[in-house]
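Trainee: Chain by chain, the residues:
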Amino acid sequence: MPDFLLEIGCEEIPARMIDAAQNELASRVGELLARESLGLPAGVSAPLTTPRRLSVASTIADRQMDVTEQVTGPAVKIAFKDGQPTRAAHEFARKAGVDVSQLEKIATPKGEYLAAKITKKGRSAAEILAESLPKEVSSIHWPKNMYWHKPIERFARPVRWLVAMLDSEVIPLAFAGVRAGNRSNGHRTLSQGVVQVPKANAYVERLREAKVLGRGEREQQIRKALDAAARTIPGARWREDKSLLETVVNLTESPSAVLGSFDPEFLELAEEVLVTVMRDHQKYFAVEDPNGQLSPNFLAVLNTDGDPKGIIRHGHERVLRARFNDARFFWQTDQKHPLRERVQLLKHVTFQKNLGTYYEKTKRVQRLCSWLSELIRQRGRQIRPGVIHKAALLAKADLTTELVKEFTELQGIVGGLYVRVQQLDRDMADSTRRAIADAIYDHYKPESMEDSVPRTLEGAVLAIADKADSIAGMFALGLQPTGSKDPFALRRQANGIVKTIAEHKLPLSLSQLFADARQAYQNSGAEKKFSAKVDFAGAVRDFFHERLEFYLRDVLGYKHDVVNAVLAAGSDDVVDAMARAQAITKVRASADFESISVASKRIKNILRQASDTGKHAAGAIEPAALQEPAERELAALIPQVTKRVDELRVQHEYEAALAEISKLRPTVDLFFDKVMVMVDDDRIRANRLAVLQTLLVNFSTIADFSEIVTESKA
Amino acid sequence: MLQQPYDVEVGAGTMAPETFLRVLGPQPYRVAYVQPSRRPADGRYGENPNRLYKHLQLQVVLKPPPENVQQLYLDSLGAMGIDLRQHDIKFEEDNWESPTLGAWGIGWQVMLDGLEITQFTYFQQCGGVDLDPISAELTYGLERIAAFLQDVDSIYDIVWARDPETDRITSYGDVRLAEELQFSVYNFEQADVEKAWKHFELCEAECKALLEGYALLSKAKDAGDGLARDKRRFPLLPAYDLCLKCSHLFNILDARGAISVTERVGVIARVRALAVGIAKAYVDQQQGNTTADESSKEQKVLTAKKETMSVSS
Numbered sequence: 011m012p013d014f015l016l017e018i019g020c021e022e023i024p025a026r027m028i029d030a031a032q033n034e035l036a037s038r039v040g041e042l043l044a045r046e047s048l049g050l051p052a053g054v055s056a057p058l059t060t061p062r063r064l065s066v067a068s069t070i071a072d073r074q075m076d077v078t079e080q081v082t083g084p085a086v087k088i089a090f091k092d093g094q095p096t097r098a099a100h101e102f103a104r105k106a107g108v109d110v111s112q113l114e115k116i117a118t119p120k121g122e123y124l125a126a127k128i129t130k131k132g133r134s135a136a137e138i139l140a141e142s143l144p145k146e147v148s149s150i151h152w153p154k155n156m157y158w159h160k161p162i163e164r165f166a167r168p169v170r171w172l173v174a175m176l177d178s179e180v181i182p183l184a185f186a187g188v189r190a191g192n193r194s195n196g197h198r199t200l201s202q203g204v205v206q207v208p209k210a211n212a213y214v215e216r217l218r219e220a221k222v223l224g225r226g227e228r229e230q231q232i233r234k235a236l237d238a239a240a241r242t243i244p245g246a247r248w249r250e251d252k253s254l255l256e257t258v259v260n261l262t263e264s265p266s267a268v269l270g271s272f273d274p275e276f277l278e279l280a281e282e283v284l285v286t287v288m289r290d291h292q293k294y295f296a297v298e299d300p301n302g303q304l305s306p307n308f309l310a311v312l313n314t315d316g317d318p319k320g321i322i323r324h325g326h327e328r329v330l331r332a333r334f335n336d337a338r339f340f341w342q343t344d345q346k347h348p349l350r351e352r353v354q355l356l357k358h359v360t361f362q363k364n365l366g367t368y369y370e371k372t373k374r375v376q377r378l379c380s381w382l383s384e385l386i387r388q389r390g391r392q393i394r395p396g397v398i399h400k401a402a403l404l405a406k407a408d409l410t411t412e413l414v415k416e417f418t419e420l421q422g423i424v425g426g427l428y429v430r431v432q433q434l435d436r437d438m439a440d441s442t443r444r445a446i447a448d449a450i451y452d453h454y455k456p457e458s459m460e461d462s463v464p465r466t467l468e469g470a471v472l473a474i475a476d477k478a479d480s481i482a483g484m485f486a487l488g489l490q491p492t493g494s495k496d497p498f499a500l501r502r503q504a505n506g507i508v509k510t511i512a513e514h515k516l517p518l519s520l521s522q523l524f525a526d527a528r529q530a531y532q533n534s535g536a537e538k539k540f541s542a543k544v545d546f547a548g549a550v551r552d553f554f555h556e557r558l559e560f561y562l563r564d565v566l567g568y569k570h571d572v573v574n575a576v577l578a579a580g581s582d583d584v585v586d587a588m589a590r591a592q593a594i595t596k597v598r599a600s601a602d603f604e605s606i607s608v609a610s611k612r613i614k615n616i617l618r619q620a621s622d623t624g625k626h627a628a629g630a631i632e633p634a635a636l637q638e639p640a641e642r643e644l645a646a647l648i649p650q651v652t653k654r655v656d657e658l659r660v661q662h663e664y665e666a667a668l669a670e671i672s673k674l675r676p677t678v679d680l681f682f683d684k685v686m687v688m689v690d691d692d693r694i695r696a697n698r699l700a701v702l703q704t705l706l707v708n709f710s711t712i713a714d715f716s717e718i719v720t721e722s723k724a
Numbered sequence: 509m510l511q512q513p514y515d516v517e518v519g520a521g522t523m524a525p526e527t528f529l530r531v532l533g534p535q536p537y538r539v540a541y542v543q544p545s546r547r548p549a550d551g552r553y554g555e556n557p558n559r560l561y562k563h564l565q566l567q568v569v570l571k572p573p574p575e576n577v578q579q580l581y582l583d584s585l586g587a588m589g590i591d592l593r594q595h596d597i598k599f600e601e602d603n604w605e606s607p608t609l610g611a612w613g614i615g616w617q618v619m620l621d622g623l624e625i626t627q628f629t630y631f632q633q634c635g636g637v638d639l640d641p642i643s644a645e646l647t648y649g650l651e652r653i654a655a656f657l658q659d660v661d662s663i664y665d666i667v668w669a670r671d672p673e674t675d676r677i678t679s680y681g682d683v684r685l686a687e688e689l690q691f692s693v694y695n696f697e698q699a700d701v702e703k704a705w706k707h708f709e710l711c712e713a714e715c716k717a718l719l720e721g722y723a724l725l726s727k728a729k730d731a732g733d734g735l736a737r738d739k740r741r742f743p744l745l746p747a748y749d750l751c752l753k754c755s756h757l758f759n760i761l762d763a764r765g766a767i768s769v770t771e772r773v774g775v776i777a778r779v780r781a782l783a784v785g786i787a788k789a790y791v792d793q794q795q796g797n798t799t800a801d802e803s804s805k806e807q808k809v810l811t812a813k814k815e816t817m818s819v820s821s
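Protein sequence lines, in the order shown, are assigned to chains A and B.
So in the numbering used here, the last spot in the first sequence is 724, and the numbers never skip.
So in the numbering used here, the last spot in the second sequence is 821, and the numbers never skip.
Keep in mind the hints are simulated off the structure, nothing from the lab.
Any given hint could turn out to be false.
Partial chain B-side listing against chain A, Cβ under 10 Å, derived [unchecked claim]:
{"no.": "1", "residue": "Q578"}
{"no.": "2", "residue": "Q594"}
{"no.": "3", "residue": "N603"}
{"no.": "4", "residue": "S606"}
{"no.": "5", "residue": "T608"}
{"no.": "6", "residue": "L620"}
{"no.": "7", "residue": "P641"}
{"no.": "8", "residue": "F656"}
{"no.": "9", "residue": "Y694"}
{"no.": "10", "residue": "Q698"}
{"no.": "11", "residue": "D700"}
{"no.": "12", "residue": "L724"}
{"no.": "13", "residue": "S768"}
{"no.": "14", "residue": "V773"}
{"no.": "15", "residue": "V775"}
Quick reminder that beta carbons are idealized off the backbone N, C-alpha and C, glycines included.
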């Protein structure tokens, strides 16, 4: 079986797009091979993935197998008259491409029919690939693509060469005006350029000679080079940064690293600023000393084999010096107007065109923060409303600073850093100012589910209020996320709220939080733009139900059915929902609980079937109508258990409450054993339905047990 | 072809007519020119060693781009005395966009030992017009490249001239520092906001009036030679100058802090409307120059054929 190779040679593909495109190419080619019976998707590999090339290789069949099929023709009694073939027989033979004498007679349930064997010749792999690969290549999805040749084919960057081979034969295909051949290209500066590929399986070796390495090897080589360079300073380490590493892996074909240094006087700038400049603008790794402090060094990953004369290091050092000078210039310029003065400037900064300026947002968030702090204080938590109030006032002021305009990813962080060095009120205690600074610093957190939540309670309240204000405003405008459209990242913000409430164990009701957030918009200019068609409370409830489901299931890892059961009994209180999920997870394996789940399903089914046939439960249980001992026993037990469960539920003692409910098992089992619910007598039936109804309602306050997946069926 | 810099203030070499207008339409074109580019908000009173209110760009436009355009670019660095074997060169994603010109492209910032020395762009759209063919635009930052080659930390320390007799050095600071300082003071502190707005409105109104004039001409029915001539001599190039003036005045007002974020979007849209109008009119005018006559000829041939057919049947 021949080796197949396809290389798409490009001008530099953006680093962020390479991995996804390579995976898509490999899976597209794998599906094509499977579809055409030439190979298996599992056999497709990606020998070299670099900024200048995507590639796939596989051992495949050199042609499809010939396929013989039997086709059925007309019935024999029509095809032959007096032993002679009729026109129908001749016609069938002609279509099948055989002589009439080669037709067979086959027996079918409908009688005897004519049949012919047709052999479909398999096509050659080269022919199929030449025809189909260009389509697969042009179907690769790019986040952003371009024209370069004619306004027909698009790709991330211009395609400049193609290598397509079966062993040593070129597959005659073309894409975007480029004809495939057996010539590739090596590293831009370390090779002579053109590389001949004599046969498909020599590809990796020939490119290695031309200084092009595969993705995995580059990553290892970069790690080693960073380790070695950092080790030249005793005890120093480079700071691990996964996404930066992925970026530099995909910016190089033959990587190495250099260690550079900068003037230690720049260390007076905040570490966050220095690291951001190095990472986002220069793609350098930061270096720390044995104590974890930032050291005045950096590591640059090069796309060449070294820097023997130090020329490259010298260049990088000069560029970084200029960058740091810029940052220092911004920092110093910003100090001319302290944050407290900048709050007024927010009147000129638009938050969202219908929701007004950041100044208006600041005022709303301040109000919302006051309400939330009061609520949390009433529920017995230590909180500093003064700190939150001040932090909310200053939180957005850094949007007007030069440093944030230059490094937008530092929003919030810069505000926090400036509060640390600026005077706010003359007689403010240092500890208070620090608390304000921390709250501002953290208030965009968590930026993802992997990110940490704000460190302090004050920061948490500010972060929640800020996000709730954005979500409330957008929902009231009718701009909630739909499908893949979420331009304001409201899902991420809502996830952030859920995670922050959960980790700080805040006694907040989501419906109350959003009623308050909506209330903060009252009598504002924005309110006039609100859509009258929006069911605000309903939309927010459904949205957060989904977010909480995501959090419990995907972040905390609770089982799908547990999450459904818990949220069916309420999704308004995040902390409470977590406690219920935890309790159910603990008891679900017990036999008694399992049996209660089964009973719940059964009760639900009975009640649904009854109501489908127009038979309803009585409004209340009528003791006089209870006939069998089993139903009397159950009816008597319900109020007792309900009382105990309610007491435990108020204390959030869900495990104990579930244990109480589980105690009902023998009584419930007996009821179903001895009592027939759907009897003809209207009064007795309605009363029995009422018993079941009461049971279900009273025990569904912790979870809807019928959602729990059980082994036995109801 | 080498061209001279354009003598109206522009924010980037792209805005000079040699790029903005020449990339439109089907005619192949290859040009290089140095263009002083003025960005009032980038002024730093001459205090920042790397940022300038006015910097020099070497602008190269290749329409359509040759297949080996990237290699040609790398060779151009060699011609400047940069031995790439001694350095680290990377092409990092950077897509260029100018909302005021309705123009955008796909490309890279070219990083030489961590220094961005060139913006390399495949133009996709200009003045709201989809381009066919595409043009490649190479914008070299001359001060940065000079500082790199001379190994100096500050742009102002670049040796600008050396007296061959005395060896006395004139630095870039000697010739430029006062200009950077004074224009920073003007753009950030003293530009008369009210008068700048007036200038803006005057230029905008005149540009619009010209565009309306061209639109009227396009609607005229007369297909005779007179109309074609009127179109050909219609002053669209001066209209584009007025648009450039608007763009520069907007930049001054922006640096002066006279445009709120909310207003900003609106003013950008006004300038873009002019740029888009000019681009469309320019394409139409160019077509008139080449194909209008041919298409009318074609029309005549067709009518002639029809007549022959009716005769023979």
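Trainee: Work down the list of hints and note, for each, if the structure agrees.
Mentor: The hints, checked one at a time:
Annotation: interface hint on Q578(B) holds; nearest CB of chain A at approximately 6 Å, less than 10 Å. With a cut of 10 Å, the hint placing Q594(B) at the interface with chain A holds, because the nearest CB-to-CB distance is about 5 Å. The criterion of a C-beta within 10 Å of any C-beta in chain A is met by N603(B), whose closest approach is roughly 7 Å, and the hint holds. Interface hint status for S606(B): violated, as the beta-carbon distance to the closest one in chain A is roughly 17 Å, over 10 Å.
Taking 10 Å as the C-beta cut-off, the interface hint given for T608(B) is violated, the closest approach to chain A being about 19 Å. Using the Cβ-Cβ criterion of 10 Å, the hint placing L620(B) at the interface with chain A is satisfied: the shortest such distance is roughly 7 Å. Among the interface hints, the one on P641(B) holds; its C-beta lies about 8 Å from the nearest C-beta in chain A, closer than the 10 Å criterion. About 7 Å separates the beta-carbon of F656(B) from the nearest beta-carbon of chain A, less than 10 Å, and the hint is met.
The beta carbon of Y694(B) comes no nearer than 18 Å to any beta carbon in chain A, farther than 10 Å, and the hint placing it at the interface is violated. Using the Cβ-Cβ criterion of 10 Å, the hint placing Q698(B) at the interface with chain A is not satisfied: the shortest such distance is roughly 18 Å. For D700(B), the suggested interface contact is broken, since its CB lies about 20 Å from the closest CB of chain A, more than 10 Å. For L724(B), the suggested interface contact is broken, since its CB lies about 31 Å from the closest CB of chain A, more than 10 Å.
For S768(B), the suggested interface contact is upheld, since its CB lies about 4 Å from the closest CB of chain A, less than 10 Å. With 10 Å as the threshold, the beta carbon of V773(B) comes within range of chain A, its nearest partner Cβ sitting at about 8 Å, so the hint holds. The interface hint given for V775(B) is broken, as the beta carbon of that residue sits about 14 Å from the closest beta carbon of chain A, more than 10 Å.
Taken one by one, the earlier hints fail for this structure at numbers 4, 5, 9, 10, 11, 12 and 15, listed in ascending order.
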